[in-house]
Amino acid sequence: MRTSAPSGVLCFLAIFLPFLLGAQQVDTVLIKRLDEEAKQAFHSGNFEKNVIMTDSLAEAYANGGNFERYAIFSMFNGWTHLNELKNYERALFYARRALSTVQEKLNGNLPYLDDLYGLLAGIYANTGNPEKALEYNFLALQTVAEQGKENSFSDYVANSNLGTGFMDLQQWAEALPFLFKARDILLGLAEKTGWEQRFLFNASQLQAHIANCLMELNEPEQALDEANSGLAYTREGGRPDHFGYQDIYLALADAHSINGHFREADEYFRLLEKMYKEYFGPQSTQMALLFMHRSDHANRQNTPVEALRLNTMALQQAGIHIAEDQLSLIRHSADIRCQSCEPVLLRQRARLLWHLALSEENKKEYLEACLTVAGMAVESMAEARKAILFREGSKQILFKKYRSILKVGALAACELFQSEGDRQYLDKAFELAEQSKANVLLEALMASRAEAFAGLPAEVLEKERRLALELVRQEKLLEDALNDSDTLRAGRIRSGPLFESSQQYELFLKQLEKDHPGYFAARHHPPTVSLAGLQKALPPNNLFVSFLLSEEENCLLAFAVSKGQAELKKISWKPEYEEQIGQFYRSLQQASLIQDRKRLAFIRQSHELHQLFVQPIEHLLDGKSRLIIAADGVLHYLPFEALLPKEEDAYFSGLDFLIRKAAVSYHYSGAAFLESVKKQAPETNTLLAFAPVFQENDEMAGLNSRTRSELEPNLRAVKDGRFAPLPWSAKEVEAIADLFSEGNYTLLLGQEAGEAALKENMKKGFRYIHLASHSFANRKNPRFSGIACYYSEQDDEDGILFINEIYQQRARADLAVLSSCESGVGNLASGEGLLGLNRSFIYAGVPNVIYSLWKVDDQRSSELMVEFYKAALAGKPYPEALQQAKLHLLNQPATALPLYWSAFTLIGR
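The sequence shown begins at 1 in the numbering used here and counts up by one.
Keep in mind that the hints are not guaranteed to be accurate.
[Stated by the list, open to error] Result set (EDC-like, lysine to aspartate or glutamate): computed pairs, CA atoms no more than 16 Å apart in a straight line: (1) K570 <-> E552; (2) K646 <-> E618; (3) K364 <-> D325; (4) K274 <-> D241; (5) K49 <-> E37; (6) K870 <-> E880; (7) K569 <-> D427; (8) K661 <-> E618; (9) K510 <-> D55; (10) K574 <-> E608; (11) K363 <-> E420; (12) K536 <-> D427; (13) K39 <-> D55; (14) K598 <-> D649; (15) K463 <-> E420; (16) K574 <-> E553; (17) K149 <-> D184; (18) K105 <-> E131; (19) K759 <-> D796; (20) K49 <-> E84; (21) K574 <-> E551.
[Stated by the list, open to error] Label-pair ranges, simulated between beta-carbon atoms: (22) Q283 <-> E146: 43 to 51 Å; (23) K598 <-> S419: 44 to 52 Å; (24) D27 <-> D486: 24 to 32 Å; (25) K86 <-> R263: 54 to 62 Å; (26) E379 <-> G260: 31 to 39 Å; (27) N541 <-> G260: 53 to 61 Å; (28) Y651 <-> L739: 44 to 52 Å; (29) F93 <-> R263: 47 to 55 Å.
Keep in mind the hints are simulated off the structure, nothing from the lab. Glycine is no exception: its CB is placed at the ideal position from the N, C-alpha and C atoms.
Could you put the whole structure together from the sequences, leaning on the hints where they help?
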């Protein structure tokens, strides 16, 4: 893992000690003695003693009232614990001590405040919280600007750290501008002062980072060019074998290997092995990483047995033991020396074993070994998640690392089931598939159960939500500033209210964890479901189909589960299927399908997709009236109800769509589906209906100027700073309200449909929440997708209910109906599905959500919704009620186009 200051503690000593010793003296003799002992201990490698002496120096200055020196020496101890002792808990203690001193005693002023933020960033980067690290790196960059240190070495460090911070988040394209900026600053410094040795090390390291980003972005030739540029710095200093050049040599080895220059790659790998053994000895995490890269290199040369041998050596270096069969692994968490590389090594091994199983004679041994790797990944993932309890982005990165291992494990279990016929392998395949899905969402679903289990006081829960909402508010203000390209305002928000909100929330959660350990145990152990458990819970008329897509292995698994049957189908996956699904998704939205040529092409497309993804399990639908789909990957964009079992020439109202055979609903996983089943609907039918309408002649129905930049420029719903009118939405909610008894509904219409009113009423416990408005998907930043509310300049709210705000609502409803455009559209997150508005309501505790996959005609959606509520209030379950409403439109030639009826889908029971 990277540290946040490339120059390390030695650089810190060179910069700070002359300044400190020439500063105000408290006790000259004492200061001099402590300083000499601290330096001697550091240079002799006795870092524990160095910390004690430095702590004494800090206390000596504090006793004399010099809190600036106290803060700086506290920071110094933080760096020592981070870079030398690798004790991140103590590093954080000293960093926080320094920061609180700056805030309480120094009015937020410190000459080296950017270094303090860099220290905090380094600690969080090394403890699996790259999002938090990025926040502190941005604060460091802002501080550099405020202190007038642009184009200084501090500016270089801040930009470099931001680049590597984005790399830790696997955001390679976002990392490059900061890395290029850091390089420009460093070159400028070198021109002024000459090429100091540290500049050469840092320049080569930057080139390595740039090359690594380009390799991840599939630009191997450009990556090699950048790596070769870094090689020049190793020659400039006349010390090409110095350990400081390790990063560029590793980048060169990888770049040559990816480009097929295997001999050149071998030369750099040999150089690195010699270097690592000299500096670290025969056993080290550096050697683990080297063997891991060499394993990839061997695999590129089509020598998988050698690649597996090198992976074995890497695992042993990392502290994972190999069983006597040389295939299975034995993991003791206390022995792990390289936490960050463990998932990468396990993924590498799982894929090697899988491919060897497909090509070697001892197939079963390789497949069984593959299962042990997957089991180890589950154990490792459970340990790693404890460190990142509250960072959804970090969790998604964590689960993405492990998900490919679980996928390969599921494939191995599938292969064993098909060859051995043993039910235990089917159970294992399903278990691993389940553990690869919806981890972040399942943790959120556990929140309300955890609150009840732990008996948290109401005031504690309210404080948590208040702090979380304030953090969301500051994040929105930051997004406003960034969209306005106002870097000064963005910097002030980051270093001021956003930083304070983040600190308060983090400290509150730490205390909450200490005071209520039972709450955390319940909240952060998401539920799992076995195949037998799912079968037991399913009603007799249900068929549950869970897909698991492994694009790397060109394979799609389909688990088809009913009360009395369970089958596993392995479907060959071709890369062109993604485009085929995309074309079908786009064609569903076209009114021009009415043309014969396009209609016939649509029928052919729909039937082909049916044959690919439904036909293999279609026989299990006999006697079933409900189909529940747990999609994966690009399949989330496929409305299965619009697929055609037969290719026949008929108009849409006469076509035999899958919707005619079964009521189709969706969920994220089997465990998530069963969680929704556990939440029984209330007996009383109550409704909250919301429709801002946005009348054309209403001068107040505009957008808050702060939110305009957050809406995508091509959003059809916005024109001249106003939302387009939705006249049918008023008729829709009024017609729906008429179906309810007097006093059992609350209608927020027109000017009453403000954001504050919506938030307040969502807490009150209606069975149905119906939102008829504009919604929009922000693909650049999904957190700022939202639902449009009525807004006036007098409002405290901004007129958009954003996803992050919905997360914090804990809405008390059984069904949320998002009668709006694109309420199910969002970024596709590995294992988590589409990060759209629909998911945010599930996250907030609503077990059932109806949402749209594309922009929907106002009048037709209104008609469908009224029909849905008629059926639901007549006692039909939600899937059957939605099926009936869709068939109502499909059976009428005027509304039979899929554009009108197939956009709305249901997640839930």
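In ascending order, which of the hints set out earlier in this document are inconsistent with the structure?
9, 15, 18, 24, 25 and 28
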